[in-house]
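Trainee: Single-letter residue listing:
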Amino acid sequence: MDVREAQKIAALARLDLAETELHRFATQLTAILGYFQKLAEVKTDGVPPASHPRDLRGPLRPDVAEPFAAAPGLVQRSAGADGDFIRVPRVLE
Amino acid sequence: MAPTSTPPPWSRSARAIAAAVRDGSLRARAVADYYLARVERHDPAVHAFLHVDPAAVRAEADAVDARIASGDKSGALLGVPVAVKDNLCTLGQPTTCASKILAGYVPPYDATVVARLRAAGAIVLGKTNLDEFAMGASTENSGFGPSRNPHDLKRVPGGSSGGSAAAVAAGLAPLALGSDTGGSVRQPAALCGLVGLRPTYGAVSRYGLVAFASSLDQVGPLALNVDDCTLLMEVIGGHDERDSTSRPGPFRGPAAGDALTGLRIGIPAEYHADGLDPEVRAAVARVEQLAVAAGARLVPVSLPLTQYAIPTYYLVVTSEASSNLARLDGVRYGPRREAGDLNHMYGATRGSGFGDEVKRRIMLGTYALSAGYFDAYYKKALQVRQCIGREFAQAFGQCDVLLGPTTPTPAFPLGEKSSDPVQMYLCDVFTAPAPLAGLPALSFPCGSSRGGLPIGAQLQGPTGADGRLLAIARALEQRLALDLSPLEAPRGA
Amino acid sequence: MELEPVIGLEVHCQLATRSKLFCRCEAGFGGLPNSRICPVCTAQPGVLPVLNAAALELAIKAGLALSCQVRTEMKFDRKNYFYPDLPKGYQISQFDEPLCEWGELSFEVEKGHSKVTKIRRIHMEEDAGKALHPEGASSSLVDLNRAGVPLVEIVGQPDLASPAEASAYLQALRRTLRFAGISDCDMEKGSLRCDANVSVRPKGQKEFGTKVEVKNINSFKNVERALMFEIARQSEMVGRGEKVIQETRSFRDTEGTTVAMRKKENADDYRYFPDPDLPLFDVGQARIDSLRAALPENWASKRARYQADWKLPDHDARVLTEEPATARFFESVVAAGLAPKTAANWIQGEVLAFLGETKGDIEQLKTTPAQLRALVEMEDTEVLSHQAAKKVLRRMLENGEEPRRVAEALDLLQIRDSGTLAATVDAVLAQETKIVADFRGGKETALNALLGRVMKATKGKGDPNVIKELLVAKLRA
Chain A
1 MDVREAQKIA
11 ALARLDLAET
21 ELHRFATQLT
31 AILGYFQKLA
41 EVKTDGVPPA
51 SHPRDLRGPL
61 RPDVAEPFAA
71 APGLVQRSAG
81 ADGDFIRVPR
91 VLE
Chain B
1 MAPTSTPPPW
11 SRSARAIAAA
21 VRDGSLRARA
31 VADYYLARVE
41 RHDPAVHAFL
51 HVDPAAVRAE
61 ADAVDARIAS
71 GDKSGALLGV
81 PVAVKDNLCT
91 LGQPTTCASK
101 ILAGYVPPYD
111 ATVVARLRAA
121 GAIVLGKTNL
131 DEFAMGASTE
141 NSGFGPSRNP
151 HDLKRVPGGS
161 SGGSAAAVAA
171 GLAPLALGSD
181 TGGSVRQPAA
191 LCGLVGLRPT
201 YGAVSRYGLV
211 AFASSLDQVG
221 PLALNVDDCT
231 LLMEVIGGHD
241 ERDSTSRPGP
251 FRGPAAGDAL
261 TGLRIGIPAE
271 YHADGLDPEV
281 RAAVARVEQL
291 AVAAGARLVP
301 VSLPLTQYAI
311 PTYYLVVTSE
321 ASSNLARLDG
331 VRYGPRREAG
341 DLNHMYGATR
351 GSGFGDEVKR
361 RIMLGTYALS
371 AGYFDAYYKK
381 ALQVRQCIGR
391 EFAQAFGQCD
401 VLLGPTTPTP
411 AFPLGEKSSD
421 PVQMYLCDVF
431 TAPAPLAGLP
441 ALSFPCGSSR
451 GGLPIGAQLQ
461 GPTGADGRLL
471 AIARALEQRL
481 ALDLSPLEAP
491 RGA
Chain C
1 MELEPVIGLE
11 VHCQLATRSK
21 LFCRCEAGFG
31 GLPNSRICPV
41 CTAQPGVLPV
51 LNAAALELAI
61 KAGLALSCQV
71 RTEMKFDRKN
81 YFYPDLPKGY
91 QISQFDEPLC
101 EWGELSFEVE
111 KGHSKVTKIR
121 RIHMEEDAGK
131 ALHPEGASSS
141 LVDLNRAGVP
151 LVEIVGQPDL
161 ASPAEASAYL
171 QALRRTLRFA
181 GISDCDMEKG
191 SLRCDANVSV
201 RPKGQKEFGT
211 KVEVKNINSF
221 KNVERALMFE
231 IARQSEMVGR
241 GEKVIQETRS
251 FRDTEGTTVA
261 MRKKENADDY
271 RYFPDPDLPL
281 FDVGQARIDS
291 LRAALPENWA
301 SKRARYQADW
311 KLPDHDARVL
321 TEEPATARFF
331 ESVVAAGLAP
341 KTAANWIQGE
351 VLAFLGETKG
361 DIEQLKTTPA
371 QLRALVEMED
381 TEVLSHQAAK
391 KVLRRMLENG
401 EEPRRVAEAL
411 DLLQIRDSGT
421 LAATVDAVLA
431 QETKIVADFR
441 GGKETALNAL
451 LGRVMKATKG
461 KGDPNVIKEL
471 LVAKLRA
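In the order they appear, the protein sequences are chains A, B and C.
Position 46 of the first sequence, counting from 1, maps to 46 under this note's numbering, and the rest follow consecutively.
Position 440 of the second sequence, counting from 1, maps to 440 under this note's numbering, and the rest follow consecutively.
Position 160 of the third sequence, counting from 1, maps to 160 under this note's numbering, and the rest follow consecutively.
Hints listed in this document are in silico derivations from the structure and should not be mistaken for laboratory results.
Beta carbons: idealized from backbone N, C-alpha and C, even for Gly.
Please note that a few of the clues may not be correct.
To be verified - Heads up, simulated DSS-like pairs for lysine-lysine below, C-alpha to C-alpha not over 30 Å straight-line:
no.	chain 1	residue 1	chain 2	residue 2
1	A	Lys38	B	Lys100
2	B	Lys100	C	Lys130
3	C	Lys391	B	Lys379
4	C	Lys130	A	Lys8
5	C	Lys459	A	Lys43
6	A	Lys8	B	Lys73
7	A	Lys8	B	Lys100
8	A	Lys8	C	Lys243
9	A	Lys8	C	Lys215
10	A	Lys8	B	Lys379
To be verified - Derived coverage of chain A by chain C (criterion: at least 3 residues anywhere in the stretch with Cβ under 8 Å from a Cβ of chain C; other residues may be distant):
no.	segment
11	14 to 20
12	43 to 53
13	56 to 62
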């Protein structure tokens, strides 16, 4: 992973990184990814990815509405709490 | 109340505390005062806790006493203070995950496990330190300073539940909750001389556990002995309708009776490879001998994919973490860095709020999931994960449980591995495989090094064997006959 | 060079559940901002999703109503992107394995000309919140009431050939979803939203042109407006020899135009992966089969049945199957014993007119099918004249009273007693000597004039048949 690629990933992950950090991460991630290449040694043709536990199935919840009493307090946790709203820097469409 | 020079006998066991509080011979308030005093005296050196509110603890203890006075003596943990890892949400008490990005965050709800503690009469003593968002194996990655191993303050307590383990080992709390994603309960348990259980995936609710890697995270108990570990597990375990990955039914604890006669103990060849500390090897060998003497049979097994567990584990956890930590964006909670437009606000808030290791893992996970790399990294890791699960299933066709070391070495000095991520990742070599397969695993003390550092042995079992692991560990604990009392004071200051 | 447009619609439809998709918050509309939120839908650290059973059933029903294949095992995926109205930083959706696939929808492009379009996929997902952008302000305001509301996204095959086809497709889709009870599909409330993929290509060419996605089409009438503008815009570009740029454009209602939306940075790398908080779900063939069996009759089948079985004219059948509630009321009136055509006439006439004037909802109608039948019986037995019956129904619709009570209160019951009427007839005959002379002189139509005078004298309540008999008898006497 070169610095340019690291920059792209950092932007995708919304992480502002200093130039030195970018360089360090690019080097470290290259080493780590290199080590992870070890996985290529494992034959996995036709093996289904283990995306979910095999013996668990999702439960269904009855469609009952139950308001959360402390809803106003949730907005108050925001650094941008503004009346009933949460204020954020302007979103450009 | 200042701690007396001789610790009270009940401080050796949570079950003893609960029993004494229930029969009225000990007041919950006295227990709380005892541990608060120890925290005040010893935690500056250990730094197990990020947050303790003595007034709230005393009030909770008084409430328990009042309840008992009124005749209500229900609850398995009556008056027992429990140290809770700071990635478990506590209503009205800060929950930071040891991250600056959650500084000052107070959850609007209790994690299911915390609610169950309270319902059982336990008292949340405080929130313990961890590697930021549970990402690490030494607690050095805390955004608020490292914890130290009470057996040697120059050494790490392990991680990521290092604060919880250090608190129990130092006698600052009789019990603690940790979380285990790739070894975060078992490794610090081993390094601090405790019993730590990573339950079967889904055995304990994750609701209110701040997610690191959802497909692997499990809350687990840390205790001085197997009996206390069982007691805590019985309180927190069992189905929770708020967690879709929760298993149906109640938690089933250990059966009574002889757990060792006829037991087939698998000894994986791969767990005794180079790099295993000779003292650790010897301590585990002693457990093997005791088991055999008690009627168990050793079965050599092979788990050749063990060497691929670390890369598999790290690809899965970083991928999931990159998504799980996206909600930490400064919009709805946590500190916000205003920096012009929206994307700069996101970038500045996250760039300054997350620590080094967290950012590294978010980068890695974002990369592994991104277009063009998904198949080579994330998907490949899930395929290998499937293979590792199959390999375990095969092994459990030949044996009932697996026995081996929990960690390659006893506790290492602070700073020794913190500059090299891959070296730190290798700490998880014995603990990462079981979570990949959703299996229960337990670490218990099996001896100590010449330098007095604890050594842990690990039992791993098939899905749902949590109770059996506890029963086996209890039997081995009796035969090992180690001193399992907490330290009177931290060592090596 | 003659160009032809290719249009595909992606429709988001809110499922008619009480609670949100993964939490217990109410899935309502309106109210104070951020009043229907909880730890789960605001993505507090540590929370987890639990799937709403009703949402799954409605999504399956949507698939069945559109003749889709429905998966018996289902998973959810995470779609990762940052936006302030998306609390978790990802949307729980379905990526490569949608719940339903390969359905179809038949719709009428114009009278007598129907077209069948394939439905590519229907998947479940949660809605985002709303970010408001006050004009001129340097910040936006976030309201999370909608965050977590259950949706299905219905993706149609891009084979619609004109804005009119697109509009007809959307109307038919809406009607299908409403008749199946899946959603109220109210575009104004945002429970139906439509994005369009539009491209143009030379007529006869196989390959598609460059696709533009048009968002924010906020009403039915704007579907055609937005598409016509966009097709014209693209056609002009091609005509000038320019290349159409692949982009997302937003429809501007006030100007009737589309404008390019600011490109979200890295917006195309959503890093989909299976949501590890949600295991696989057993949808189950049994569940699908029982939902299929319980699926309400759709509008197209009702329309055909009304014509074939009940001999309604095409126009009537259309009007009565426009809205599910209208069809339900119509059928219950028929079930109450009214002849279908009679029921159709009354509903299309007085009932719908009343609802139109009062902006009423047929579901809230105060008049019951039995009352309507009783009214018609009064007309049939000539207790009420047709005109009087109309007046009575109007009052019944207003206050829900029984027809006889209304008729009595309004004094509209017909006078059929010949004794009572004979006196009035005699009085009229005595007064209208000229008309009587005309009749006797052979002018047959004078009888009607006399009938009119008598009716007027009885304030319209006299039974015209009885009066006529009396007149004839007395004049010929």
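Trainee: If a hint holds in the structure, say so; if it doesn't, say that too.
Mentor: Tested hints:
no. : hint                : result
1   : Lys38/A x Lys100/B  : violated, 35 Å
2   : Lys100/B x Lys130/C : holds, 28 Å
3   : Lys391/C x Lys379/B : violated, 73 Å
4   : Lys130/C x Lys8/A   : holds, 28 Å
5   : Lys459/C x Lys43/A  : violated, 97 Å
6   : Lys8/A x Lys73/B    : violated, 59 Å
7   : Lys8/A x Lys100/B   : holds, 24 Å
8   : Lys8/A x Lys243/C   : holds, 28 Å
9   : Lys8/A x Lys215/C   : holds, 27 Å
10  : Lys8/A x Lys379/B   : holds, 21 Å
11  : 14 to 20            : violated (count 1)
12  : 43 to 53            : holds (count 3)
13  : 56 to 62            : holds (count 7)
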